[in-house]
Amino acid sequence: MQGFYSKRLGDILVAAGLVTEEQLEWALEEQKQSYKRLGEILIDAGWLTEDDIAEGRALQLDIPHVQLGDYPIDPRVVKLVPEPIARTYRLVPVSASDGRIAVAMTNPLDVEAIDAVQRTTRKRIEPVLSAESRIITTIDKVYGTVGGADIAASLQEAESDVEVTPQDDELGENADEAKRQSGQAPIIRTVNLMLQEAVKRRTSDIHLEPRQNHVEVRYRIDGVLHHVRNLPKGLQAPVASRIKVMADLDIAERRIPQDGRISIRVLNHLIDLRVSTLPVQYGERVVLRVLDKSSQQYSMDQLGFAGSDKDAFENLISKPYGIILVTGPTGSGKTTTLYTTLIKLKSPEVNIMTCEDPIEYELEGVNQSAVNVKAGLTFAAQLRAILRQDPDIVLVGEIRDRETADIAFRAAMTGHLVLSTLHCNDAPSAVTRLVDMGVEPFLIGSSVVGVIAQRLVRAICPRCKGTYKPGVEELAPFGLADQAGSIELYHGEGCNNCDGTGYHGRVGVFEIMTVNDEIRRMILSRPSGDQVKQLALASGMRTMKQNAIDKLLKGVTTTTEVSRRVFVREDVV
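Residues 100 to 672 (the numbering used here) are what the sequence shown spells out, left to right.
It should be emphasised that the hints constitute simulated quantities derived from the structure, not laboratory data.
Please read these numbers as outputs of a predicted model, since none were measured by experiment.
Incorrect hints may appear among the rest.
To be verified - Restraint-style ranges between C-beta atoms, simulated for each label pair:
#, residue 1, residue 2, range
1, Trp125, Pro561, 16 to 26 Å
2, His368, Lys653, 25 to 35 Å
3, Tyr567, Leu377, 36 to 46 Å
4, Lys106, Lys131, 12 to 22 Å
Backbone N, C-alpha and C define an ideal beta-carbon position, used for all residues, glycine too.
Hey, can you work out the whole structure from these sequences and the hints?
Rendered as structure tokens:
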């Protein structure tokens, strides 16, 4: 590593053609304000991947770069470095020869890590550089901490060793007996391994669904439910009881729904689990919403904002006062969009306060509060209290009723920027939805500065992404039939990174309606949603379907996803 850091990382990335001079200058200015690493800023902006940064750092340090995941590792080499050392220092042994061992590291200058491996292996260390996410994934893979085989073995052990007492659904189960069953080692291990597997596979919800002869386990990954396995029927009650014990629920009560919460650390991730139980035909159905508190925060580019849509959104959030509404069905990413907006807006000069139900992620520098209906602290009551706390920006988790809406709208009229969500299908429909709730049209017209409607579509896996030429039938629903034979689209072929699905992660599809003077005047006459839409389109609004087609042509997603999530009706684009 002679003469390392003789060149700046930014200069290397520009020389390699990975970023432009203008992008580098912007990133360096951003670095002065955020104090983040240059690579982190370029990744957040969506210009580079973690692999690009790793390759640039390898050139800077004059050491080899290896892209783990595509690199075969001999199991005998893995055994040379104990798992605790690999996890502590984020490193993976990749090859070994007489007296030498090549080790993939996130920080090849970490002398302590090199010494630890050298003492254990008694070999000379040759550092190579790899992306941190690839190292973590490879550690899990080569050391075999989580996997279907582990869970299968645990289930076999549980089925043979756990003593299950028949329960009477009408009378409920004995609390002491239920606690004894849930505390047996094979049950604890089975639940723990299931949680580890779910986190590793980027699961947002775990469904445990009792059937007549078994319990079906399904994971929601990137918005789609996947069947994972069936649990033996005899483990239904002990597994459910174990989860209820963790969530501090009444394990003896199985006749009414219950809700709880679990905070736990899984695979170095701080996880919040929102637990919901519901009596169904064959027992108690359990759903766990997985909220990863250590997951990355997103930039506007990563959310899917681009071009004129990004400009329109940034123009909206720069307003000093008014209401900005984000609309869409449950699970469409509304909260993520609002949280990303707050992160972008926060500064030492601004007092940001939230009123949520519940607080999904903790945001540093933002004053977050949760409603408590049982204590009489509703959205409306909480919002009144917040307005006495001298806020500049207020986030209201959801406008659910007229009382909350009236307070939020009057707050916007008195100089506050209010962000909130609303359930409706598109941006123009927000106006009629508010009128139906009883909000006066003059309040809507004078307060709402913009509405963003959104959906989430699965993004094509970058590691197995390929092109193909679509036929007329595939292109016709999107108004592109005349381009058959002349354009290429993209799809994922399936790999280990995406569990063979061809998709990895999700991205937003947006429709942004800026409320101008013409739309304000129309709102006073209580227009229909179609009337508002026609005027918004005439004022330059681009529909969600147009935004989806843009992402389709740019290779972000597929025709299947756009049809499933956006083109739900045979509308003309």
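Against the structure, the hints:
1. At about 23 Å, the beta-carbon gap between Trp125 and Pro561 stays in the expected band of 16 to 26 Å.
2. As the Cβ distance of His368 to Lys653 is approximately 31 Å, the hint placing it in 25 to 35 Å holds.
3. Tyr567 and Leu377 have their C-beta atoms about 43 Å apart, which keeps the hinted 36 to 46 Å range intact.
4. The hinted range of 12 to 22 Å is satisfied by Lys106 and Lys131, whose Cβ atoms lie roughly 21 Å apart.
Consistency note: the structure conflicts with none of the earlier hints.
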